[in-house]
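Undergrad: Here's the letter readout for the chains.
Protein chains: 2
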Amino acid sequence: MKIQPSDKRELLKAAMGKIPCDLAVTNVRYVNVFTGEVYPATVYVHQGFVIHVEEKEPAKELNLAKQVVDGENNFLIPGFIDAHIHIESSMLTPRNFARAVIPRGTTTVVTDPHEITNVFGEDAVRYMHDAGYGLPMRQFIDIPSCVPAVPGLEQAGAVMDADAVDRLAKLPNIIGLAEVMDFIGVIEGEDRMMDIIEVAEKNGLYIQGHMPGANGRMISAYLIGGPSTCHETRETEEAIAKLRAGIHVDARESSITKNMAAILEGVRDHTFHDHLSFCTDDREADDILYIGHMDEVVRQAVKNGMNGIAAVKCATLNTAKEIHFENLGAVAPGYAADMLLVDNLADFNVKSVFYMGQLVAKDGKLVADIQDKPAEMESRFSMNVPKLSLDDFRLKAPTTGETIKANVLTYYSGDLSTTKAVTEEVSVKGGYVDISNDPNLCYAMIINRYGTGNYTFGLVRDFGLKKGANGSTVSHDCHNLSIVFKDPESGFAVYNALVECGGGMACADNGEITGLLKLQVGGLMSIDRPEQVAEQSDKMKKALNNLGLPQKNPLLRIATMALPVIPEAKFSDLGLVDVMAKKLIPIFPQ
Amino acid sequence: MKIQPSDKRELLKAAMGKIPCDLAVTNVRYVNVFTGEVYPATVYVHQGFVIHVEEKEPAKELNLAKQVVDGENNFLIPGFIDAHIHIESSMLTPRNFARAVIPRGTTTVVTDPHEITNVFGEDAVRYMHDAGYGLPMRQFIDIPSCVPAVPGLEQAGAVMDADAVDRLAKLPNIIGLAEVMDFIGVIEGEDRMMDIIEVAEKNGLYIQGHMPGANGRMISAYLIGGPSTCHETRETEEAIAKLRAGIHVDARESSITKNMAAILEGVRDHTFHDHLSFCTDDREADDILYIGHMDEVVRQAVKNGMNGIAAVKCATLNTAKEIHFENLGAVAPGYAADMLLVDNLADFNVKSVFYMGQLVAKDGKLVADIQDKPAEMESRFSMNVPKLSLDDFRLKAPTTGETIKANVLTYYSGDLSTTKAVTEEVSVKGGYVDISNDPNLCYAMIINRYGTGNYTFGLVRDFGLKKGANGSTVSHDCHNLSIVFKDPESGFAVYNALVECGGGMACADNGEITGLLKLQVGGLMSIDRPEQVAEQSDKMKKALNNLGLPQKNPLLRIATMALPVIPEAKFSDLGLVDVMAKKLIPIFPQ
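Chains H and L supply the protein sequences, listed in that same order. When the letters of the first sequence are read in order and numbered with my numbering, they come out as residues 1405 to 1994. When the letters of the second sequence are read in order and numbered with my numbering, they come out as residues 1405 to 1994.
If you're looking for bench data, these hints aren't it; they were derived computationally from the structure. Don't take each hint at face value.
Note that identical chains are pooled: a pair holds if it fits in a single copy or bridges any two copies.
List time: in silico EDC-like cross-link candidates among lysine to aspartate or glutamate, alpha-carbon distance up to 20 angstroms [unchecked claim]:
| no. | residue 1 | residue 2 |
| --- | --- | --- |
| 1 | 1870 | 1893 |
| 2 | 1406 | 1730 |
| 3 | 1606 | 1411 |
| 4 | 1417 | 1595 |
| 5 | 1417 | 1602 |
| 6 | 1417 | 1586 |
| 7 | 1707 | 1673 |
Predicted model only: the values in this text are computed from it and were never measured.
Could you build the full structure based on these sequences and the hints that come with them?
TA: Structure follows, in structure tokens:
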């Protein structure tokens, strides 16, 4: 595929010097991602495209440009491409996300609107597509492939099938099928995934993979099934195995998961890195604002021993090829004029950002104009939860005794998202489970918010909460309302607050709200600006720390509770899920 | 694009070891073109595709294969891909060409049927497509883009326009638009080339380039115009400039033109070689049989300082990406099982060739069965020339004097194909030009063979012929009948012989035929087997040497005479062409 110019003949004239071009960026150390060289050059741009790169100092030719920018001896590199991100994870709308990442040098992202599609289905893909269209950056969309992630064991707001993929594939900025998480469905050749992949391929989409921890014949089968990429690579050996098999590996540096070091450890000595790219997957607003986006990922690559030019190539040209674009990812004739000036190839301080030949950010500040563009979906109500009373937040025990056997969802540790179901005896008082004397045991509710009326009420151990309640509509992948609480009053308060504000994250203590982060757009994204969201998020983190959650970033701790693609047991709105056996198990076994 | 398996689910089952696969090749040094590594492995194949590569010695798993081949510690590499060839130049039909190149390790070629399309038009593309289909190798077709090469200054047997491209693009093995030779047409944005390129892109074809000697802004404009590759790179500086600009450079080693050394001289120190591939362009049957095809090109790369693994990548994976194929060019899960066993990575002696998992050649011998498949085009008459008598072979001089001013087509040297028009005084006797006392001057005729009835009669200097006549229907690009002769009787004999046999190459002395190579298929290809054509070609070369042509390979000397894309002047069936001015000039100026 190609980014198409509006008038190819105008570009040809400008390239041949018959008409003046729009822009010349001169006095730069030009980084050539095709050859690996760096040399002085002047880059000429017209109508959004690079039309010529002149190696010699073109004193005479500069009058062929209407505007001349002095690159001040900075390095000129292509704009960064994020190979895989869920914009929703920034808690920003597509337009506000753009405001945050553009100054960091990101000119293209490939976003998977998997989260909001679990809430609003096909409409959500169209919303993300339209909201991200016409911005001073490129937001390509991959169509979510696995909604719901685990059919039959959880209920999302929508079901995506091959027909939906076929319809959506026609939108101009749709380029791929997003992370095919149903790994088993692929390697077993199950109908759902085979049909979706077939339709995607028929529409010319590339197939983005997702296979954490895979090895050997599973990797082979997955590749045969269709996916060609993977951003779920945590171990060195895994990186080696995937690259050897031909998978395009997207080394991930998300807000939570940092995989660069382990991956580079394995592939540093490889002669060829054509199939290595970078991505962020999930990155929160404050991380983007205070630490960075793709600029930070590239920094991490260099810190972990990669040559700076090679790192630039991984973050640009390699990714363009991964997503099948022929004129992206390089600063070369015919390519979209997405380019950065950076002060060096280790720290990558981004001085200027050009998107389609326009200066869109300078010295860390957005200079492009991004208008707000309200959309119906940004005020669509997504809290279709059952009406619950305070009494519903007391866990009835089906026994007349003083204890009862319960399957308790138990975290392996405070750092890990893996959980298992452990059968234990818990206290019962007056017909209700009593956790008051067990500091590491909490109540947990997963409340369907898509109008089915059902919810799960169980117990969770070693979640980290010591008092009060924590609730969130950001609860991968179905994003039902999850609440963990020590006392019913606090749980009920969180429930009420989140229903009232249209979704988000909340915490309470002694029945009073102590923190609220409103995410009105599908219960996932705020309509506020990046700086505001970052500040609210910061407050929320502190409020959660006050309730005992020890993580530096405790916001998504709760989102690991109802994610039945992660071993070994998880909650869903339908009950307690044995992930490995793919079945529901009772909260109170006989 | 992908080579599609007939049943993906069967491959998945085989990959997972649930059913036995067709083949295991064990005990090999596996060359990984993704990472640049070499390690011991066993490759499993099912229904034509690689389903798994096992790194550890899989003693136990071997029983999962119906057939086990011992690789005898040879290197296992992907089958070679020729990025650009005109099969017609081998003088073999597509099926006979396959018989010749498969034992050399070529499993895929991208052929441009430019030559025969100049003769028979759209029908010819369909013939080449169908004749090359279903063989134990893959013959992809790029649609000829410039037929005729120089409209208005020469007349071919057909005109290819955007509509023809649109129709042909639907054939399954059509993958690209072939060498866009009308360089000026592209950079000037002329309608013919813009329309053809637009239709090709709309049909998902890649655009193959052709820009000898280009530099600077011309390269930039050409890239903007659409073409992304080039196999016409002779100089070191040119190679550097093209690769820096993002062009995919196909280093060529044809029978006549050897560009590998000059190209590698420039790019050896580049860090990345993603955009470097190899091709042969034109390679005659005897060269293929006695010296080699892509195996020889890869040998030349190593001889010129390239690492053997990198050379393999250039001849396989890089080319697959150049032509937009996702599962070709590597031996990896999901990829077409095209693979070679070679004894080392310098000489590349090809021990075994597997195409789609089938052993097709062993120890230099074809073992696959290739049935003859006669086609109507193979006996279609292409010699629609005007009826000429012996007297027509005497050059009338429009003067009553003893000399006349003539524009003589003059070769720069015996090695070069460049020619210029030089005005000189030539002898006249009895109203006819007399060259008998001028050993380096010859008569030349270009006779239209597509029914227009016209022909050009002129003079050529320093062609090399010392006596007799040389005629050929292989006369790029229009392939009209070209005859160079010292005496009218020999010229007439050659004319008669070639008309009678349906085209080919002939020479005569003293009015008697001394050599004849019948090329009945469009006057370009023989219907004989490779060994026979090589032998006939050898005899023809000797016969031409006997007439004074000094070249080691004199067959195509005559084909440089009527090629009005090469500077500075050439003949065509319409007259003497000033190539630079794009106009006809008179043979006898006033």
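Undergrad: Tell me the numbers of any earlier hints that the structure contravenes, in ascending order.
TA: none
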